[in-house]
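Top line first, the protein sequences correspond to chains X, H, G and D. Everything in the first sequence is counted per this note's numbering, starting at 56 for the first residue and increasing by one. Everything in the second sequence is counted per this note's numbering, starting at 56 for the first residue and increasing by one. Everything in the third sequence is counted per this note's numbering, starting at 56 for the first residue and increasing by one. Everything in the fourth sequence is counted per this note's numbering, starting at 56 for the first residue and increasing by one.
Hints were generated in silico from the structure; no laboratory data involved. Any given hint might turn out to be false.
Copies of the same chain look alike in the list, so a pair counts if it fits in one copy or across any two.
Straight-line C-alpha distance at most 35 angstroms; calculated DSBU-like pairs for lysine-lysine [claimed, not checked]:
no., residue 1, residue 2
1, Lys144, Lys245
2, Lys250, Lys182
3, Lys145, Lys250
4, Lys250, Lys185
5, Lys245, Lys182
6, Lys245, Lys110
Protein chains: 4
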Amino acid sequence: MHVFARKFLRIVICILPLVAMRQDNRLRVIFFGDSITQAGVSPTGYITKMNEILKLKGQDSNYELIGAGISGDKVYDLFLRLEADVLSKKPHVVFVYVGINDVWHKTLSGTGTDPDKYVKFYEGLIKRMKAENIRVIICTPTVIGERTDASNPQDGDLNQYSKLIRDIATRHNLQLCDLRKSFHDYLTHKNPENKEKGVLTSDRVHLTDEGNRFLAEQMLEALLQK
Amino acid sequence: MHVFARKFLRIVICILPLVAMRQDNRLRVIFFGDSITQAGVSPTGYITKMNEILKLKGQDSNYELIGAGISGDKVYDLFLRLEADVLSKKPHVVFVYVGINDVWHKTLSGTGTDPDKYVKFYEGLIKRMKAENIRVIICTPTVIGERTDASNPQDGDLNQYSKLIRDIATRHNLQLCDLRKSFHDYLTHKNPENKEKGVLTSDRVHLTDEGNRFLAEQMLEALLQK
Amino acid sequence: MHVFARKFLRIVICILPLVAMRQDNRLRVIFFGDSITQAGVSPTGYITKMNEILKLKGQDSNYELIGAGISGDKVYDLFLRLEADVLSKKPHVVFVYVGINDVWHKTLSGTGTDPDKYVKFYEGLIKRMKAENIRVIICTPTVIGERTDASNPQDGDLNQYSKLIRDIATRHNLQLCDLRKSFHDYLTHKNPENKEKGVLTSDRVHLTDEGNRFLAEQMLEALLQK
Amino acid sequence: MHVFARKFLRIVICILPLVAMRQDNRLRVIFFGDSITQAGVSPTGYITKMNEILKLKGQDSNYELIGAGISGDKVYDLFLRLEADVLSKKPHVVFVYVGINDVWHKTLSGTGTDPDKYVKFYEGLIKRMKAENIRVIICTPTVIGERTDASNPQDGDLNQYSKLIRDIATRHNLQLCDLRKSFHDYLTHKNPENKEKGVLTSDRVHLTDEGNRFLAEQMLEALLQK
């Protein structure tokens, strides 16, 4: 073997464990949700933006952020793919961010989720993740419409499901990321014209660049909170 | 003819025009609405209670209160029976109190009313009543659930339809009886436990005795306001 | 006045009554419906095609075909605009072709029409048109999905509303144009693969060129039947 | 120890294995479903009736029939409680009879199940039961309304979901119990007046005594078929 090749090999052998160690040290975080999370890994999505912020802070090497969002998903869809899309990846932290479709589909297609069943499946998710010692952070659903005077058609129902999630957080002693409250507070200041869309969302639900940035900040704050 | 009979006849002849005049002077008020108004003429209903209050004030002879409520009615049902149930009775005043079923039936049976159509039919009602020089008082829908933290499932939608009605009042220069606001203010004080029902309603929608009394007061205040 | 001008004037004076007479003799036919009828007056629409067929038969001068369709309309929307869009135009014949949205919107937006209300408004339409001595032809709703094995989700409901319309035809002694039956018979032969769309419709509801042609033939046959 | 006690003990020791053997030989059959199955174990329910028929045939000692029905359940509810209510009981045979609520709740409460998700969860159920070597028999949904002319509002959707189930049976090589077909054939003969309810159901969905008897026969035939 050539002397340079030997040297290179030696270096690789020395570095390899370090690389492996570094990988072991990375905190693996999965974002488990619907279309907002599916778009989260796009170039302008909130997960991409979280990576960018971490990079600026020089902390990107400490985290591995993984998107596990599928468009149209409700809580029971997450339950069905929990093993394949979350548990099998051995995450340290999982954000659960689901509920908009559970409410929205009630009038959109007649296929929403009853509140009692929503809680049942949500607690089913938590039980299985807790059994794997995963740190679970649960999020309240953001918005269907950006009006700040409580006149978006699904506001009452989203508030109801948000309360259910806050109750779950209390009951199971879980970290809560109260996105619905954050979004409402933000819009109270930034949507003085009481517009239906165009501030944090482009279509009343899916996020604008501003929306993705704001969500990234909220998620990151929750992640680093501990 | 016997002398007493003659005397009686003479008295009757003198009184008759007075009676007629008195009847002419009675203000004919129609309450046009859904099941809440249908129950309004029952012994414990809000229209019955309005009559009782007027009697206590010695003013019952000045008003004729007529219920025209049918269970399950939405705005377009009122439009269909406007001639038969309202215009034909030559009222001086009409309270329009409709909207709960327009919202509620969306998830109850898939047969609610789109907001733009709600406005169209509402304005159709008003146009035809204004052509008859009727004083029209329009009411915002009360409640579907009595929670005061904006978490009753239809709160957002009821708020939306209430805003549509307030806009109609402004646009057509009509008196507004803002029942949704009154109910909310009342419940904020009288429902400290944030109960879903049991204060003003027995089943989240239909009124308890307390509910009928409170509604009677609101309606009467609106009627006497002018 | 110049001699030619005089001559021209004389000719015009002679022709004018003929023109007027010809106009008087044209049978004014209104098609009253939803988006399918709104598209009916487009270059490829069924009303345009009816005109083309009449032209080929040399009968186009005997008929004036008028489209009065608005996208999204249900039976009560027709009721609201009956005066403005139909009665004011003094038609001799009116085709009523409505019902798809009354069924479809139940799950699409939670704003369909209850069967009993559907009948009420339908009979309201008929009553007002009969009072004007209009020949009314009522149509059963066509399709939401083209499968022929009764497995399109709304098949049962469309069949129910079709029966309600057939009952109305019997009860009010009206001519029936049973489009649902015609479409089903046609598809039984022409859709051997049991496809959901692509034969008479492009999207399960709105018509292809073949659909418009077939509908034109059905409508024309009904019109000429008398 | 007293001589009689000893004797008794000896007898018990001899009998015990026989009892155990007898239990081992019984075929454990679970009926997994919704309110119809929940009522199936009532004194007049279909599972009770199956036991009665087996008794008459002198075969009741060969079967253990267990009801696992919960009112309001849809396919994903079964998925959630599969382990607790089915797998943990080590059944040899499982009847899956679910789908009515998946369709019905679309307009009843806006919380039905999308067809693609219905299939996903259904196949999820099957996969887990097959892994336990359970003989799975899958049933098409019976009826929502007993009219035989395809005009019950949900007929199209029930037919659609029935086809999905038949496809699943083919794809997974499973025994099919085509209840929807059986009910339709039965009603074609026994419901000549095309009544909405009152033959096999008391309320368009839940079974009369006749309905329970007919269902018991269908289920038993499927069970004994192998």
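Here is how each hint holds up against the structure:
Taking the closest pair of Cα atoms, Lys144 and Lys245 never come within 35 angstroms of each other, the shortest separation being 38 angstroms inside a single copy and 51 angstroms across copies. For the homomeric pair Lys250 and Lys182, the shortest alpha-carbon distance between copies (30 angstroms) is at most 35 angstroms, but the shortest distance inside one copy (40 angstroms) is not. In this assembly of identical chains, Lys145 and Lys250 lie within 35 angstroms of each other by CA distance neither inside one copy nor across copies; the values are 42 angstroms within and 43 angstroms between. When the C-alpha separation of Lys250 and Lys185 is checked against a cutoff of 35 angstroms, the pair qualifies only between copies, where the shortest distance is 33 angstroms, while the shortest distance within a copy is 40 angstroms.
Taking CA atoms no more than 35 angstroms apart as the test, Lys245 paired with Lys182 passes in neither setting, with 38 angstroms inside one copy and 39 angstroms between copies. Only within a single protomer do Lys245 and Lys110 lie at most 35 angstroms apart by alpha-carbon distance; the minimum there is 28 angstroms, versus 53 angstroms between protomers.
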